[in-house]
Each structure stands twice: as structure tokens, then as C-alpha cells.
Amino acid sequence: EAGVTQSPTHLIKTRGQQATLRCSPISGHTSVYWYQQALGLGLQFLLWYDEGEERNRGNFPPRFSGRQFPNYSSELNVNALELEDSALYLCASSLFRWGNTEAFFGQGTRLTVV
Amino acid sequence: EDKVVQSPLSLVVHEGDTVTLNCSYEVTNFRSLLWYKQEKKAPTFLFMLTSSGIEKKSGRLSSILDKKELSSILNITATQTGDSAIYLCAVNNAGNMLTFGGGTRLMVKP
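Residue numbers (this note's numbering), protein chains in the order written: chain C, 15 to 128; chain V, 246 to 355.
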């Protein structure tokens with residue numbers, strides 16, 4: 015069974031541009047979470063999607079947005095990129111919305127803003 | 246706001262040593278606590294703890310939750326160089342949101 019897949023693996027953008035990151039959850043998982051991990055820092059919660067809807071978002075500006083498609087895959091969009099957006103972006107998926115199930119992570123997208 | 250604090254921030258040991266990593270939390274409507282190991286990119290799942298006092302074990306790794314003290318420990322016995330990683334603790338609240346601690350960076354020297 016395929017795990018969580020993210021694309022692209024690496025992304026280099028210039029300041030002011032937009033970046034789109036993609037995530038495909040494990041088959042059957044309906045919840046997708048996005049996290050930002052800047053160099054040397056912990057995982058900061060960005061967004062949570064479940065059943066196609068945004069359920070929660072972390073303390074990030076509105077230029078961080080996303081969506082979840084009917085097949086439960088998800089996109090994270092970052093507009094007006096800033097240098098400090100350079101980080102590893104991790105996506106995780108889980109099976110049940112309200113149950114005690116673990117979240118599984120993808121390999122991440124390394125975004126570099128120059 | 247939910248909060249998860251891990252200690253120590255970093256740890257250097259030699260192969261064969263036993264280590265104990267700590268995680269404390271403040272969370273509204275606690276549901277579960279999870280431990281992950283992050284070596285290069287993707288954190289890999291280790292344990293999920295929901296009940297206080299019940300130890301979960303996998304090989305040389307074990308973990309236990311103390312709901313009264315709002316904390317958990319992760320033990321690694323007979324450490325090996327392959328255990329070198331960042332260990333992440335996360336708590337899941339009733340809203341099913343995972344809040345992560347800053348991690349403990351473990352280095353095991355030969």
C-alpha cells in the first residue's frame with residue numbers, strides 16, 4: 015500500500031512568487047494535515063482538511079491557503095513568498111476524523127525562497 | 246492554546262546507554278499522545294498512548310503516559326547509532342489536531 019506522497023520533493027522560488035505543494039494521502043484516509051518545519055525548529059501546524067473542508071488552521075497569514083479535492087488529495091498554496099517561508103513542508107494523513115488514529119507523514123517538500 | 250514541551254533539547258550518548266526523553270503537555274480535551282522519530286524528512290510513527298500507566302513497547306523502545314502529571318516518557322535501552330534522530334512528541338485533542346513539541350535531538354556515538 016502506498017504511503018503519503020508529496021510533490022515536488024524540492025522547489026525553488028523567488029521572493030514574491032507563488033508556490034503550490036501537493037499531497038496524496040494514504041488510500042482511505044480522509045484527513046490531511048499540513049505542517050511547516052523551518053530549519054532547526056519544530057513542526058508548526060498550518061492547515062487541516064477533512065472531507066473536503068478546512069477544519070482548522072494554525073497561526074499563519076492568509077497567504078498560506080489550500081484545498082482538499084474529492085479524492086482527498088490536497089494542495090497547499092503559498093502566495094507572495096517571503097524568504098522566511100523557506101522550510102520543509104510536511105503533509106500527514108489519518109483515517110478517522112474523531113478517532114484515536116495515528117497520522118502518517120509524507121517525505122515532505124523542501125521549499126527554498128531566494 | 247495547546248502546548249507541548251519536550252526535554253532535553255538535545256542529548257549525546259554512547260552506544261549501549263539507556264536514554265529517557267520527556268514530553269509534557271497542556272491541551273484542552275486531550276485525546277492521545279504520539280511519539281515520532283524523524284531521521285531525514287518524514288517523521289515515522291512510534292507509539293500512540295491514550296491510557297495512563299499502560300506501557301507500550303517495541304523492541305528497545307518503550308513509552309508510558311501519565312495523565313495526572315500531563316506527561317509522557319520515551320525510553321530507549323541499549324542505544325545504537327541508528328537511534329540517532331529527532332524524537333517528536335505530539336498531542337491530539339478532541340478536534341483531532343496534532344500539536345507537536347520542539348523535539349529532542351538524540352545523537353548516539355559509537
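Hint data in this document are derived by calculation from the structure and do not stem from the laboratory. Misleading hints may appear alongside valid ones.
[Said to hold, decoys possible] Sample of chain V residues at the chain C side, in silico, Cβ under 8 Å: (1) Leu279; (2) Lys282; (3) Pro288; (4) Phe290; (5) Gly298; (6) Gly327; (7) Ala330; (8) Leu333; (9) Met342; (10) Leu343; (11) Thr344; (12) Phe345; (13) Gly346; (14) Gly347.
[Claimed, not checked] Below are the DMTMM-like pairs computed for lysine to aspartate or glutamate, each with C-alpha atoms no more than 20 Å apart in a straight line: (15) Lys354/V with Asp262/V; (16) Lys313/V with Glu271/V; (17) Lys286/V with Asp328/V; (18) Lys302/V with Glu271/V; (19) Lys301/V with Asp311/V; (20) Lys248/V with Asp328/V; (21) Lys312/V with Glu116/C; (22) Lys302/V with Glu246/V; (23) Lys282/V with Glu89/C; (24) Lys313/V with Asp247/V; (25) Lys301/V with Glu116/C; (26) Lys248/V with Glu116/C; (27) Lys286/V with Glu116/C; (28) Lys302/V with Glu116/C; (29) Lys313/V with Glu300/V; (30) Lys354/V with Glu260/V; (31) Lys248/V with Glu314/V; (32) Lys286/V with Asp64/C; (33) Lys27/C with Glu89/C; (34) Lys282/V with Asp328/V; (35) Lys301/V with Asp328/V.
C-beta: ideal position from N, C-alpha, C; glycine also.
Query raised in the report: Which numbered conditions among the earlier hints are violated in the structure presented, ordered from lowest to highest?
Result: 2, 5, 6, 7, 18, 20, 22, 23, 32
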